[in-house]
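Enquirer: Fit chain B to the known structure of chain A by using the hints.
2 protein chains.
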Amino acid sequence: LSESIKPPGLDYIFHPGSTAVVGTVPDSLSRFKLGNQFVRILLENGYKDPLYAVGSGEGEVCGLKIYQSILDIPSKVDYVITAIPNQFVPQLVEDCGRKGVKVMHFFTSGFGEIEDKIGLELQSQMLASARKYGIRIIGPNCMGIYCPESNLAFGMGFSKVSGRVGYLAQSGGQCIMGVKEANRRGIDFSKVVSYGNASDINECDLIEYFTEDPGTDIITAYIEGTNHGPRLLRALKEAVARKPVIVFKCADTGGGSQAAVSHTSAIAGSSLTWDALLRQTGAIRVFSVQEMFDVVTVLQRCPEISGLNTLVVGHGGGSCVQASDDCCRAGLAMPMLPPVLRQALMKVYRTDAGNIFKNPLDINPYWGMDKAREALSAVEGWQGIDLILLHSTPEQDPFVPRDFQYKVHTETLIEWARLTRKPVALAITTNTAPGDDGLPEKAFNQAQEAGLAVFPSVGRASTALLRAYNYYRRRRRANQGST
Amino acid sequence: LSESIKPPGLDYIFHPGSTAVVGTVPDSLSRFKLGNQFVRILLENGYKDPLYAVGSGEGEVCGLKIYQSILDIPSKVDYVITAIPNQFVPQLVEDCGRKGVKVMHFFTSGFGEIEDKIGLELQSQMLASARKYGIRIIGPNCMGIYCPESNLAFGMGFSKVSGRVGYLAQSGGQCIMGVKEANRRGIDFSKVVSYGNASDINECDLIEYFTEDPGTDIITAYIEGTNHGPRLLRALKEAVARKPVIVFKCADTGGGSQAAVSHTSAIAGSSLTWDALLRQTGAIRVFSVQEMFDVVTVLQRCPEISGLNTLVVGHGGGSCVQASDDCCRAGLAMPMLPPVLRQALMKVYRTDAGNIFKNPLDINPYWGMDKAREALSAVEGWQGIDLILLHSTPEQDPFVPRDFQYKVHTETLIEWARLTRKPVALAITTNTAPGDDGLPEKAFNQAQEAGLAVFPSVGRASTALLRAYNYYRRRRRANQGST
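Chains as they are written, first to last, in our numbering: chain A, 246 to 728; chain B, 246 to 728.
Next up, chain A with everything else stripped away, as it sits in the complex (with noise of 0.2 Å):
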């Protein structure tokens, strides 16, 4: 057990003593230049460690010196940010070896990815000498790192909270746009690694760290192409052994692939390998970043989902055909109401349409709470049910004032979740476009920050919801095997 606690071997470069950004210049000059960039980012998000500025010309960044050499910084540096082009960059390698740097990020790229053998010469070049100095890698052409505990980001307004969630991400904008979803959705991280090329530090590498890193519970990827295929198989395997781990393979098809090389020099590798492949490992397979934070919303704020007999609740018609048709086409089943049940409700509601209450209920919120609440606890007890999707379309209703309508359908349908002990999903349909009055962003926001697992349309929850069905399968499976 004692183990278990002790952080796993890659654990420092999450936690540099002191970190350098090169390719700076005076501020004076350009405040835009990418290493006066990442100076300015890693401020503003509190980074407390030493922070130096290497670059070119006399002056400041942000209120810091600007060096001409890392060799010049008088104290120690553990890691380094590069944003120099790429010819310079093995005599940089060199110099930091000789500082006795422990870890090498870089943004620049031109190496491995680019048609011109020079890049991939530059790239081995790299590799050697920082291999000779025992200095790691990251990259290049990618974004580094992002890590809560120790301030250290790369992109603005990244939250500063520490979570439950690893991320590794081959591209750098996926990575940026992955923090921005799961902030924006109330999931925080443990450690963020935009990995570009993977010269050196690569997807095994990172997810065999995750999987000991006892501060993340959940590991999420998005992995383009790999040159490691039995490890990564090895490593995914063991890793789901003991978390969720959920991949957005990208490059699956041959717009994809082709689109790939260019960008990561990613061997894609087919569609049907790389699904077979994760359905070996037991890894959630999703097709956006969307996707993915869809699913660590139902593992972070549903309980274990045993099955998938879903009770579909909401009001309207063609809102409960359509909500019906796109769970049970996403995969989940929808058990009839037992008559007893159905009898129970056309009580409290006092109707004969027994019709309404069948599965989906079709329950007008203006009707009330206390009524629901007599309804919905009378259902809570059928055992028939594994799970409880909610669905809310505010754009349907012709007569309410649009503020009024989006208000009455949020507030009552979080306190109909409220109202169960099941795991409960809710989606929120609105138009495309849906309007400058931030009605339904509003409405999101407010579910959202009263705890459940909210989503866009029912068709995204029930595919979350399924795929995190499978995980929970798999692993109690797993458990009566190991018992």
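Calculated from the structure, these hints are not laboratory results.
Quick caveat: nothing in here was measured; it's all calculated off a predicted structure.
Possibly wrong hints are sitting among the right ones.
Copies of one chain are not kept apart here, so a pair can be met inside one copy or by any two copies together.
[As the list claims (entries may be wrong)] The calculated lysine-lysine pairs, modelled on DSS-like cross-linking and capped at a C-alpha distance of 30 Å, are: (1) Lys652 with Lys687; (2) Lys362 with Lys616; (3) Lys687 with Lys405; (4) Lys278 with Lys616; (5) Lys362 with Lys592; (6) Lys310 with Lys405; (7) Lys687 with Lys616; (8) Lys652 with Lys278; (9) Lys321 with Lys405; (10) Lys293 with Lys321; (11) Lys687 with Lys278; (12) Lys616 with Lys293; (13) Lys278 with Lys405; (14) Lys310 with Lys344; (15) Lys278 with Lys592; (16) Lys377 with Lys652.
Expert: Just chain B now, with coordinates in the frame of chain A:
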């Protein structure tokens, strides 16, 4: 030719000379009574012909005197909107018959769609009585008619502008949501009918009407089920021979069918049967109102699509990989840019990173419009592509402030779109909970107002392009066949 100019048989239902709303109470008692709401919405929508309120109690609705009976109204009444409990309907139909009413719309529910057989009996009785007097019935259990030309409407904030799209919808909620979805996306309607239980005027009547209607260029339909299979097949075939028809067939799964029976008493039919039926007719099948107006967007905002070879243009490695995947997965093709064109682009951008000019093209919006103009005019002449798909992911930039990022991306991509005469679509991908600054909505609207076909994801754009292509291909083949 003169025949085609003659308005089709049902046209009079959209142009009543006078309207009465039955089921009102004095505003002093309740402004929220449903009858009162219909009156208010007609007035808000600028209804200009004589309008009467019928109901109980002395007083006024929005300044209109309340008549106790339709028979008390001193002038003729063409159209009656009914919002009274079902048990009073038989008497009302008799009164309307004697009054010479031509069309009745029943918001009222509690007919064929409820379990109790009293509902079905009431519906038969109502129909028999209506037939005796030659009254046509819309519904029951629906929202009725929206026709900007004659200022008839049933929802708040519907566009007052006449357009070229006809919409028939079995569900009131899906009808309202569809109108809002369309309006927000710059799409206006010729006529819209929410037809509910279809006891008299049904989906076949309406499709036949829209087929003949010279004001309607595109027919859209939300259908849960039909009792007129062979006639619907014929009607759809004839419609598709004249104009594009887009069908959102709901109640497609076990759960959905369960829901549909209770909603509009529709016999949903099996998913396979419907799929076969729609394929045979050449109608375009979609799975939500959002997807429905995605297709309308392509039909209205792009020139005819003659092939599926697509050039994907946007910025960012990961973004390009995903856009390519989503494009290919939807069924579009991405041919490689010929070497001579790649050379040309590398010259424009003075870079040796030729990989980023293969297809997808990875072009940074910050590289400037002059170069983009040069680059895009170089590929414009390439016969290898039929379509251009632009994608924008403003959330992927780490350094630039959000507002500036959205501004540059959106303005640049609008300009790029202007540089081509090929069919072009723009996908703006944002986070699920995009925050409260309104920037994603603003970008969407800005591109839309510039005339572009805009979508919230590459997948949605690609699917809509494919569906429109399938329609055009079929039409070209039919035209070849007939010459």
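Enquirer: Reference check for the pair Lys687 and Lys616, CA-CA at most 30 Å: within, between, both, or neither?
Expert: within (26 Å within a copy, 41 Å between copies)
Enquirer: Given a CA cutoff of 30 Å, do Lys310 and Lys344 count as a within-copy pair, a between-copy pair, both, or neither?
Expert: Intra 19 Å, inter 91 Å, cutoff 30 Å: intra-copy only.
Enquirer: Go through the copies and call it for Lys652 and Lys278: within, between, both or neither, with a Cα cutoff of 30 Å.
Expert: between (46 Å within a copy, 20 Å between copies)
Enquirer: Regarding Lys278 and Lys405, is the shortest C-alpha distance of 30 Å or less found within a copy, between copies, in both, or in neither?
Expert: Close inside one copy (24 Å), not across copies (51 Å); limit 30 Å.
Enquirer: Pop the pair Lys293 and Lys321 into one bin, within, between, both or neither, using alpha-carbon distances up to 30 Å.
Expert: So Lys293 and Lys321 pass the 30 Å test inside one copy only (15 Å; across, 82 Å).
Enquirer: Given identical chains, is Lys687 near Lys405, meaning Cα to Cα at most 30 Å, within a copy, between copies, both, or neither?
Expert: both (22 Å within a copy, 28 Å between copies)
Enquirer: Please work out whether the CA atoms of Lys278 and Lys592 approach to 30 Å or closer within one copy, between two copies, in both situations, or in neither?
Expert: Answer is between: at 25 Å across copies they meet the 30 Å cutoff, but 69 Å inside does not.
Enquirer: Which holds for Lys652 with Lys687 at a C-alpha limit of 30 Å: within a copy, between copies, both or neither?
Expert: both (9 Å within a copy, 23 Å between copies)
Enquirer: Quick one: Lys362 to Lys616, C-alpha cut-off 30 Å, is that within a copy, between copies, both, or neither?
Expert: between (72 Å within a copy, 26 Å between copies)
Enquirer: Quick one: Lys278 to Lys616, C-alpha cut-off 30 Å, is that within a copy, between copies, both, or neither?
Expert: Classified as between; 22 Å across copies, 61 Å inside a copy.
Enquirer: Please sort Lys362 with Lys592 into within, between, both or neither, judging by C-alpha distance up to 30 Å.
Expert: Between copies, since 19 Å is at most 30 Å while 77 Å is not.
Enquirer: From the Cα coordinates, with 30 Å as the cut-off, is the pair Lys377 and Lys652 best called within, between, both, or neither?
Expert: The answer is neither: 63 Å in one copy and 46 Å across copies each exceed 30 Å.
Checked against the numbered hints above, the structure breaks hints 12, 16 and satisfies the rest.
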